[in-house]
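Chemist: Chains as they are written, first to last, in my numbering: chain A, 1 to 502; chain B, 503 to 827.
Worth double-checking, as some hints may not be accurate.
Simulated DEER-style distance windows between Cβ atoms [to be verified]:
#1 B:Gln786 - A:Phe241: 52 to 60 angstroms
#2 A:Ala251 - B:Pro653: 53 to 61 angstroms
#3 B:Arg813 - A:Ile170: 28 to 36 angstroms
#4 B:Lys533 - A:Pro17: 49 to 57 angstroms
#5 A:Gly12 - B:Gly563: 40 to 48 angstroms
#6 A:Ala397 - B:Asn529: 56 to 64 angstroms
#7 A:Gly224 - B:Arg770: 42 to 50 angstroms
#8 A:Leu485 - B:Lys739: 54 to 62 angstroms
#9 A:Phe195 - B:Arg813: 44 to 52 angstroms
#10 A:Leu485 - B:Lys651: 41 to 49 angstroms
#11 A:Leu400 - B:Asn529: 37 to 45 angstroms
The set of hints was computed from the structure by calculation and includes no laboratory data. Glycine included, every Cβ here is placed at the ideal spot set by N, Cα and C.
Spelled out, the chains give:
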Amino acid sequence: MDLLANLSLGFGVALTPINLLYAFIGCFLGTLIGVLPGIGPVATIAMLLPATFSLPPVSALIMLAGLYYGAQYGGSTTSILVNLPGEPSAVVTCIDGYQMARQGRAGPALAAAALGSFFAGSVGVLLLAAFAPPLMLLAAEFGPAEYFSLMILGLIGAVVLASGSLLKAIAMVLFGLLLGLVGTDVNSGIPRFSFDIPELIDGIGFVVIAMGIFGYGEIVSNLGRSEKEREVYTAKVHGLFPTRRDFKDMAPAVLRGTCLGSLLGVLPGGGALLGSFAAYAFEKKVRTKPDELPLGKGNIRGVAAPESANNAGAQTSFIPMLTLGIPPNAVMALMIGAMIIHNIQPGPQVLTRNPALFWGLITSMWIGNLMLVILNLPLIGIWIKMLKVPYRFLFPAIVLFCAIGVYSMNNNTFDIWMLAGFGFVGYVFIKLGCEPAPLVLGFILGPMMEENLRRALLLSLGDWSTFVTRPLSAGLLATALLFLLVMLSPAVKKKRREAFEE
Amino acid sequence: MKKGCMAATVVAMSICLFAPLALAQGNWPTKPVKIIVPFPPGGSVDQLGRILSAKLSTQLGQQFIVENRTGASGSIGTAVVASSPPDGHTFGLVFDTHAVNPSTIPKMPFDTLKDLASVMLVSTAAMAIVAHEKQPYKDFRDLLEAAKKKPKAVAYGSVGTGSLGHLAMTQIGGILGIEFNHIPYRGGGPLMNDAVNGQVPVAIATVFVTNPHVQSGKVRALGVTSAKPTPQMPGVKPVADQGVPNYSAVAWWGVIAPGKTPPPIINRIYEEINKVLKDPEVAQKLSLQGMDLIGGKPAEFDTFLKSEISRWAKVVRDNKIALGD
C-alpha cells in the first residue's frame with residue numbers, strides 16, 4: 001500500500017515535537033493575523049516569510065502551511081462576525097454567516113465553519129494521497145476552450161446565487177465583469193480603463209473591492225441606523241455551539257460541499273473559488289425543510305457547504321503542485337518561493353527527491369486543520385464577546401484595520417482611496433437592494449473568461465468551432481444550456497417569484 | 503595673528519560648508535538604507551533583494567531594508583526610487599522589464615536614463631524555447647523550418663505581451679521573415695501548466711522556469727537565447743548556433759539609484775555588493791534562482807541598459823506591440 005506508506009512517512013516527519021510546535025505557532029499566528037480584517041493568507045505569509053528563513057526547510061514549510069490555514073480560518077471568522085471576506089472564496093460565507101451573527105447565532109456559524117473545514121480537509125488529504133495522478137489526468141484535459149466553457153457554466157450558476165431580483169443579479173454580474181476589465185489586457189498589452197494612472201495598470205485588487213463593498217458599505221449603512229436598532233443584534237447572543245438540529249442540517253451540506261470542492265479544486269486558477277460558489281448555489285437548489293430559514297437569511301447550510309468546499313479545494317489544489325510543480329495560486333507560489341530559499345528546487349522532482357518533505361507537508365496540513373479546531377472552538381466565546389463591544393468603538397477599529405490591511409498589500413496609499421470609493425459603492429448597493437456576491441464572481445471570472453476565450457481562439461486561428469469539437473468543452477456548454485433552460489422554464493420562474501415574496 | 507585668525511575662519515567656514523557632503527560620503531550610511539523591490543515577495547527580484555540586504559547590513563553596520571512597491575511591471579516601485587532623495591539611502595532592484603517599460607507603459611512619471619543612476623548589473627539568465635514531448639521538433643532549426651511554411655504555422659506561449667520572451671521571438675521572426683502565432687499568458691505558472699499538458703505546443707521562458715519540466719521529460723528544450731550554452735541547461739545549443747547568427751537576449755537583474763546620487767557612493771555600494779557576490783553561499787543561492795552572476799560595473803551596466811532600451815523600443819515600434827492600432 002503506497003498510500004499507507006506515504007502517509008506514515010509523512011506523519012513520522014510531522015509528528016516530531018519540534019514540527020508540531022512550528023505547526024502550532026503557524027496556526028496561532030495565522031489565526032491572530034487572519035482575524036485582522038483585510039489581511040488574508042497571502043499578505044500574512046508574505047509578511048512572515050522572512051521569519052522562516054532561519055528554520056530547517058521542513059519546519060519552515062510546516063509553519064507556513066499552518067499560517068495559511070490559520071489565516072484562512074481567521075478570514076472566515078471576520079466574514080461571519082463583521083461581513084468582511086478576506087479572500088474571494090469567503091465571499092459566499094458572508095451571505096448566511098453574517099445573517100446568523102445578526103440573529104445572535106455567530107457561535108454555531110463559527111463552529112460549523114471550523115468543523116466543516118476540518119472534515120473536508122481530512123477528506124482532501126486522503127484524496128490527495130490516494131488519487132493525485134488520476135485527478136491530474138483530468139485536469140490535464142483542461143485547455144483554454146474547456147476553461148472558457150466551465151466559466152460560462154459558472155456564471156450562469158451565479159445567477160442562481162441571487163435571492164432577490166434576477167435583473168439585479170445579472171446587472172451585478174455585468175458590473176463585476178466591467179470592473180474586471182480595468183488593467184492591462186493580456187493579449188494586446190494595452191491598459192484598459194486605467195486613465196493613465198499607474199496604479200490601475202494592474203487592475204483593481206480583489207481585497208480593495210471586497211473590503212469596500214462588503215465591509216465599509218455595511219458599516220456606513222449600520223451607522224445610518226439608530227443606535228437602538230443596531231444593538232438588537234448584539235444583545236441576544238444565544239448558544240455558542242450548534243444544536244443537535246444544526247448538526248443534522250449541516251452534515252449533508254458538508255458532504256456535498258466536500259465533493260464539489262475536491263473536484264473543482266484540482267483545476268488551477270479559480271478552482272477553489274468556483275468550488276465554494278458552486279457549493280452554495282447547489283445548497284440553494286436543495287429543498288429547504290418547512291421550518292428551515294431560507295438560504296441567504298441565516299441558514300447554517302449556507303456556511304457549512306462553502307466553507308467545506310473551500311477547504312477541500314485548498315487540499316486538492318496541491319495536486320498540480322505535486323504532479324507538475326506548478327503553483328495553483330498566490331499562496332502556493334509563496335511556498336515555492338520558500339522552498340527555493342531553503343535550497344530545494346521546486347518542480348515535479350520534489351516528490352521523488354524529498355519524499356519526507358513532501359509527505360510531511362501534506363500530513364502537517366491535516367494536523368494544522370486539527371489544531372485549528374482545537375484552537376478555535378474555545379476561542380469562539382472570545383470572538384463573540386468582540387461583538388458586544390459597543391459599535392462606536394468597533395467600527396473605527398474595523399475601518400482602521402481594513403485600511404492597514406489594504407495598504408500592506410502594495411504599500412501604496414492609492415489603494416486606501418479606492419477602498420473608500422468602493423465603500424460608498426457598497427452603501428449605494430445596500431440602499432438599492434443589490435447583492436454584491438454575483439459582482440465578485442463576475443469580477444473574478446470575467447477576466448479569466450476573456451483570457452481563455454481569446455487564447456482558445458488564438459490557438460485555433462480564429463475558428464469558433466473549437467468550443468464544440470473538443471468533447472469536454474462541448475459537454476460543459478451543453479450543461480450550461482440545460483441550466484439556462486431550466487431557469488427560464490415557467491415552473492422555476494414561479495418558484496423564484498414565490499421565494500422572493502417571502 | 504589676524505591673518506592666522508582669518509585663515510582659521512576660512513578653514514572653519516569651508517569645513518562647515520563642505521562637511522555635510524564629506525560626512526555623507528565618509529560615514530555613509532548614516533541611517534537605515536531602503537532597497538525598493540518593485541515586485542511582490544517570493545519572486546526572484548524579492549529574493550535577490552533579501553539576500554543582498556542581509557549581507558549588506560552586516561558588512562556596512564546599518565540595516566538594509568527591503569520594501570516591496572509593486573505594480574505596472576515594476577514601474578511603480580522604480581518611480582519611487584527616481585523620486586527619492588539622492589543621498590545614498592535608497593536603492594532599487596530592477597528586472598529586465600526596466601528596459602522595456604519606457605516603450606510599452608504610457609506616461610511613466612520618470613525618465614529611465616535621466617532620473618536614475620546605474621549601479622550594477624548583478625546577473626543575467628538565459629531563456630529556453632521548449633516544445634511539448636509529443637511535438638515533432640527536435641531542435642530550434644526544426645521549429646524554424648516548420649514556421650517558414652506559412653504564417654502563424656507555429657504557436658508559442660510567453661509569460662505576457664511585451665515580455666522579454668515575446669519580444670525576442672518577435673525579433674527572431676523579424677530577422678528571418680517568419681510570423682509566429684503568439685499566445686500570451688499571465689506569468690510563468692499558467693504558461694508552464696499549458697506547456698506540460700500540451701495545450702500550447704511551444705513555450706519560451708527563463709531556464710529557471712522551464713528546467714524542472716525539461717528534466718521531467720514533459721517538454722523538450724530546443725534552444726537557449728544566451729550567446730553561449732548555459733551551465734544551467736547543459737547540452738542545449740544557443741539559437742545563435744541554430745539559424746539565428748549572433749543572436750542573444752537574456753533576462754537580467756540590476757541595482758539602480760536615484761539619478762543624482764554622488765558617484766563615490768555609487769562606487770562604494772558597487773564594491774560592497776561585489777563583495778557579497780563573492781560569497782560562495784550567496785553565489786549558490788542565486789544560481790538556484792537560475793541566475794548567472796555578472797557583477798557589471800556602473801558604466802558597463804549603463805551601456806548595457808541603453809542598448810537594451812533602444813533595441814526593444816525598435817521591436818515594440820516595428821511590431822506595434824502594446825501600442826494599439
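Chemist: Determine for every hint whether it applies to the structure shown.
Modeler: Hints, one by one, checked against the model:
1. Range check, glutamine 786 of chain B to phenylalanine 241 of chain A: Cβ separation about 53 angstroms, and the 52 to 60 angstroms hint holds.
2. In this structure the supplied range 53 to 61 angstroms holds for alanine 251 of chain A paired with proline 653 of chain B, their Cβ-Cβ distance being about 60 angstroms.
3. The hinted window of 28 to 36 angstroms between arginine 813 of chain B and isoleucine 170 of chain A is violated, with their beta carbons roughly 49 angstroms apart.
4. Distance hint check for lysine 533 of chain B and proline 17 of chain A: the Cβ-Cβ separation is about 43 angstroms, which falls outside the suggested range of 49 to 57 angstroms.
5. The hinted window of 40 to 48 angstroms between glycine 12 of chain A and glycine 563 of chain B holds, with their beta carbons roughly 44 angstroms apart.
6. Between alanine 397 of chain A and asparagine 529 of chain B the beta carbons are some 43 angstroms apart, a value that contradicts the proposed interval 56 to 64 angstroms.
7. In this structure the hint that glycine 224 of chain A and arginine 770 of chain B lie 42 to 50 angstroms apart at CB is violated, the actual value being about 59 angstroms.
8. Take leucine 485 of chain A and lysine 739 of chain B: their Cβ atoms lie about 57 angstroms apart, and the range 54 to 62 angstroms holds.
9. Range check, phenylalanine 195 of chain A to arginine 813 of chain B: Cβ separation about 30 angstroms, and the 44 to 52 angstroms hint is violated.
10. At roughly 45 angstroms, the beta-carbon separation of leucine 485 of chain A and lysine 651 of chain B lies within the given 41 to 49 angstroms, and the hint holds.
11. Between leucine 400 of chain A and asparagine 529 of chain B the beta carbons are some 39 angstroms apart, a value that agrees with the proposed interval 37 to 45 angstroms.
Violation of the numbered hints given earlier is confined to hints 3, 4, 6, 7 and 9; the remaining hints are satisfied by the structure.
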